[in-house]
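**Student:** Spelled out, the chains give:
Number of protein chains: 2
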Amino acid sequence: MKVVILGCSLVGAMVASWLSSEKNQVSVVDSKENSFHRLPKDFEGEKILGMGIDVPILTQAGIEKADAFLALTNSDNTNIMAAQLVKQRFNVPKIILRVYDPQRARAFGEMGLEIICPTTIVAEKFKEFLKSK
Amino acid sequence: MKVVILGCSLVGAMVASWLSSEKNQVSVVDSKENSFHRLPKDFEGEKILGMGIDVPILTQAGIEKADAFLALTNSDNTNIMAAQLVKQRFNVPKIILRVYDPQRARAFGEMGLEIICPTTIVAEKFKEFLKSK
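Protein chains in written order, with this note's numbering: chain A, 382 to 514; chain B, 382 to 514.
Calculated directly from the structure, the hints in this document are not laboratory data. Just so you know, these numbers come straight off a predicted model, no measurement behind them. Do not rely on the hints blindly, as some may be mistaken.
Said to hold, decoys possible - In silico DSS-like cross-links for lysine-lysine, where the CA-CA straight-line distance does not exceed 25 Å:
{"id": "1", "chain 1": "A", "residue 1": "383", "chain 2": "A", "residue 2": "413"}
{"id": "2", "chain 1": "A", "residue 1": "475", "chain 2": "A", "residue 2": "428"}
{"id": "3", "chain 1": "A", "residue 1": "383", "chain 2": "B", "residue 2": "512"}
{"id": "4", "chain 1": "B", "residue 1": "508", "chain 2": "A", "residue 2": "428"}
{"id": "5", "chain 1": "A", "residue 1": "428", "chain 2": "A", "residue 2": "413"}
{"id": "6", "chain 1": "A", "residue 1": "383", "chain 2": "A", "residue 2": "475"}
{"id": "7", "chain 1": "B", "residue 1": "404", "chain 2": "B", "residue 2": "383"}
{"id": "8", "chain 1": "A", "residue 1": "468", "chain 2": "B", "residue 2": "508"}
{"id": "9", "chain 1": "B", "residue 1": "383", "chain 2": "B", "residue 2": "446"}
{"id": "10", "chain 1": "B", "residue 1": "446", "chain 2": "A", "residue 2": "512"}
{"id": "11", "chain 1": "B", "residue 1": "512", "chain 2": "A", "residue 2": "446"}
{"id": "12", "chain 1": "A", "residue 1": "404", "chain 2": "A", "residue 2": "428"}
{"id": "13", "chain 1": "B", "residue 1": "475", "chain 2": "B", "residue 2": "383"}
{"id": "14", "chain 1": "A", "residue 1": "404", "chain 2": "A", "residue 2": "475"}
{"id": "15", "chain 1": "B", "residue 1": "506", "chain 2": "A", "residue 2": "508"}
{"id": "16", "chain 1": "B", "residue 1": "475", "chain 2": "B", "residue 2": "404"}
{"id": "17", "chain 1": "B", "residue 1": "446", "chain 2": "B", "residue 2": "475"}
{"id": "18", "chain 1": "B", "residue 1": "512", "chain 2": "A", "residue 2": "475"}
{"id": "19", "chain 1": "A", "residue 1": "404", "chain 2": "A", "residue 2": "383"}
{"id": "20", "chain 1": "B", "residue 1": "475", "chain 2": "A", "residue 2": "508"}
{"id": "21", "chain 1": "A", "residue 1": "508", "chain 2": "B", "residue 2": "446"}
{"id": "22", "chain 1": "A", "residue 1": "508", "chain 2": "B", "residue 2": "422"}
{"id": "23", "chain 1": "A", "residue 1": "506", "chain 2": "B", "residue 2": "383"}
{"id": "24", "chain 1": "A", "residue 1": "506", "chain 2": "B", "residue 2": "404"}
{"id": "25", "chain 1": "B", "residue 1": "512", "chain 2": "A", "residue 2": "468"}
{"id": "26", "chain 1": "A", "residue 1": "512", "chain 2": "B", "residue 2": "506"}
{"id": "27", "chain 1": "B", "residue 1": "506", "chain 2": "A", "residue 2": "506"}
{"id": "28", "chain 1": "B", "residue 1": "404", "chain 2": "A", "residue 2": "512"}
{"id": "29", "chain 1": "A", "residue 1": "506", "chain 2": "B", "residue 2": "446"}
{"id": "30", "chain 1": "A", "residue 1": "428", "chain 2": "A", "residue 2": "446"}
Stated by the list, open to error - What the simulated footprint calls covered on chain A by chain B, stretch by stretch (three residues with Cβ under 8 Å from a Cβ of chain B suffice, anywhere in the stretch; the number is not a length):
{"id": "31", "stretch": "394-407"}
{"id": "32", "stretch": "478-488"}
{"id": "33", "stretch": "491-505"}
Unchecked claim - Examples of chain B residues lying across from chain A (beta carbon under 7 Å, computed):
{"id": "34", "residue": "395"}
{"id": "35", "residue": "396"}
{"id": "36", "residue": "449"}
{"id": "37", "residue": "477"}
{"id": "38", "residue": "481"}
{"id": "39", "residue": "497"}
{"id": "40", "residue": "499"}
Where is the CB? At the ideal position from N, CA and C, for every residue including glycine.
Could you put the whole structure together from the sequences, leaning on the hints where they help?
**Tutor:** Right, here's the structure in full:
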């Protein structure tokens, strides 16, 4: 599987590392060189320095042949813009993004984007803990 | 249940709002006044402006009678320090904290702190999505 990941955040790096270790073809795009230090030293994927809402950068990352695109920067806005751009411009079967703001996650989810909202997921975990025992 | 929440972050505000709506006694501590805007307008709990690693502030929040303490600032360091402080100084039955860094989450988990690591949880969600269909 060919996967393009935008954002070498903690989650981005963890997913990239896992996918690469399972012999997938991974390209990680980040606008800050320093972010790539989160990847393990033996990471075999591609690291691309640049903006993820920039078509030439996405093309360089291989978006035209990608099976999946993950928008995982720490900015909801960037993730939403990038996912919309990829959805409109490229034929990528799986597109998913992270949106922290629960209201925007719901709104853009209803507009057809596949969204993971860490806020809701993590709040649920805390509720489960409080209800336990 | 009496709950003290440190950090009116997105998750902190969501859990506080939920607990308060279920008639629990909730105190939210944050060092920035502006953070309290994340709480709903009808929030019935207490908002306390101050540092969560400060014993007088925790006392003001009612930590001595608390059934649970949740450390939910956006800083791993603050959450770890606050949870350790509460664990050592007060008799709170349930203490749980958020730690983004997976390595530190593991290390402090092994030291006996109850930790939720959003990074690992959210990365798992992305993996599930990629494996689906």
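**Student:** For each hint, tell me whether it holds in the structure or not.
**Tutor:** Hint-by-hint comparison with the structure:
Between residue 383 of chain A and residue 413 of chain A, the direct Cα distance comes to roughly 23 Å. Compliance with the 25 Å bound is thereby established for this hinted pair. Between residue 475 of chain A and residue 428 of chain A the CA atoms are separated by roughly 21 Å; this keeps the pair inside 25 Å, and the hint holds. Between residue 383 of chain A and residue 512 of chain B the CA atoms are separated by roughly 13 Å; this keeps the pair inside 25 Å, and the hint holds. Straight-line distance between C-alpha atoms of residue 508 of chain B and residue 428 of chain A comes to about 20 Å, which keeps the hinted pair within the 25 Å bound.
Taking the CA atoms of residue 428 of chain A and residue 413 of chain A, the gap is about 11 Å. The hint holds against a cut of 25 Å. This hinted pair checks out: residue 383 of chain A and residue 475 of chain A have alpha carbons roughly 11 Å apart, not beyond 25 Å. Our distance criterion of 25 Å between C-alpha atoms is met by residue 404 of chain B and residue 383 of chain B, whose separation comes to about 10 Å. Restraint check for residue 468 of chain A and residue 508 of chain B: the C-alpha separation of about 20 Å stays at or below 25 Å, so the hint holds.
Between residue 383 of chain B and residue 446 of chain B the alpha-carbon distance is near 7 Å, which keeps this suggested pair within the 25 Å criterion. A C-alpha spacing of about 18 Å is found between residue 446 of chain B and residue 512 of chain A, which places the hinted pair at or below 25 Å, so the restraint holds. Annotation: proposed proximity of residue 512 of chain B to residue 446 of chain A holds, straight-line Cα distance about 18 Å (limit 25 Å). Between the alpha carbons of residue 404 of chain A and residue 428 of chain A the distance comes to roughly 16 Å, so the proposed pair stays at or under 25 Å and holds.
About 11 Å separates the Cα atoms of residue 475 of chain B and residue 383 of chain B, which keeps this hinted pair within 25 Å; it holds. A C-alpha spacing of about 18 Å is found between residue 404 of chain A and residue 475 of chain A, which places the hinted pair at or below 25 Å, so the restraint holds. At roughly 18 Å between alpha-carbon atoms, residue 506 of chain B and residue 508 of chain A fall within 25 Å of each other, so this suggested pair holds. Using a Cα cut-off of 25 Å, the hinted pair residue 475 of chain B and residue 404 of chain B holds, with the two alpha carbons roughly 18 Å apart.
Taking the CA atoms of residue 446 of chain B and residue 475 of chain B, the gap is near 12 Å; set against the 25 Å cutoff, the hint holds. About 11 Å separates the Cα atoms of residue 512 of chain B and residue 475 of chain A, which keeps this hinted pair within 25 Å; it holds. A C-alpha spacing of about 10 Å is found between residue 404 of chain A and residue 383 of chain A, which places the hinted pair at or below 25 Å, so the restraint holds. Pair hint residue 475 of chain B plus residue 508 of chain A holds up; C-alpha atoms about 12 Å apart against a cutoff of 25 Å.
A hinted pair counts as satisfied when its Cα atoms are at most 25 Å apart, and residue 508 of chain A with residue 446 of chain B qualifies at roughly 20 Å. The hinted pair formed by residue 508 of chain A and residue 422 of chain B meets the criterion: a straight-line CA distance of about 21 Å does not exceed 25 Å. About 18 Å separates the Cα atoms of residue 506 of chain A and residue 383 of chain B, which keeps this hinted pair within 25 Å; it holds. A C-alpha spacing of about 19 Å is found between residue 506 of chain A and residue 404 of chain B, which places the hinted pair at or below 25 Å, so the restraint holds.
Distance check on the hinted pair: residue 512 of chain B and residue 468 of chain A sit about 20 Å apart at the alpha-carbon level, within 25 Å; holds. Note on residue 512 of chain A and residue 506 of chain B: the hinted pairing holds, with a Cα-Cα distance of about 23 Å set against a maximum of 25 Å. Between residue 506 of chain B and residue 506 of chain A the CA atoms are separated by roughly 13 Å; this keeps the pair inside 25 Å, and the hint holds. Straight-line distance between C-alpha atoms of residue 404 of chain B and residue 512 of chain A comes to about 14 Å, which keeps the hinted pair within the 25 Å bound.
At roughly 23 Å between alpha-carbon atoms, residue 506 of chain A and residue 446 of chain B fall within 25 Å of each other, so this suggested pair holds. The hinted pair formed by residue 428 of chain A and residue 446 of chain A meets the criterion: a straight-line CA distance of about 17 Å does not exceed 25 Å. Residues of the stretch 394-407 of chain A with a Cβ under 8 Å from some Cβ of chain B number 4, which satisfies the need for three, so the listed coverage holds. Coverage of the stretch 478-488 of chain A by chain B holds [criterion: at least 3 residues with CB-CB distance below 8 Å; count 4].
Interface restraint, the stretch 491-505 of chain A with chain B: holds (8 residues with C-beta to C-beta distance below 8 Å; minimum three). The beta carbon of residue 395 of chain B comes within 4 Å of a beta carbon in chain A, closer than 7 Å, and the hint placing it at the interface holds. The closest approach between the C-beta of residue 396 of chain B and any C-beta of chain A is roughly 5 Å, which is under the 7 Å cut-off, so the hint is satisfied. The criterion of a C-beta within 7 Å of any C-beta in chain A is met by residue 449 of chain B, whose closest approach is roughly 6 Å, and the hint holds.
At about 5 Å, the closest approach between the beta carbon of residue 477 of chain B and any beta carbon in chain A falls short of 7 Å, and the interface hint on this residue holds. Evaluation of the residue 481 of chain B hint against chain A yields a held restraint, the C-beta minimum of about 6 Å falling below 7 Å. Taking 7 Å as the C-beta contact cut-off toward chain A, the hint placing residue 497 of chain B at the interface holds, the least distance being around 5 Å. Interface restraint check for residue 499 of chain B: the shortest CB-CB distance to chain A comes to about 5 Å, inside 7 Å, so the restraint holds.
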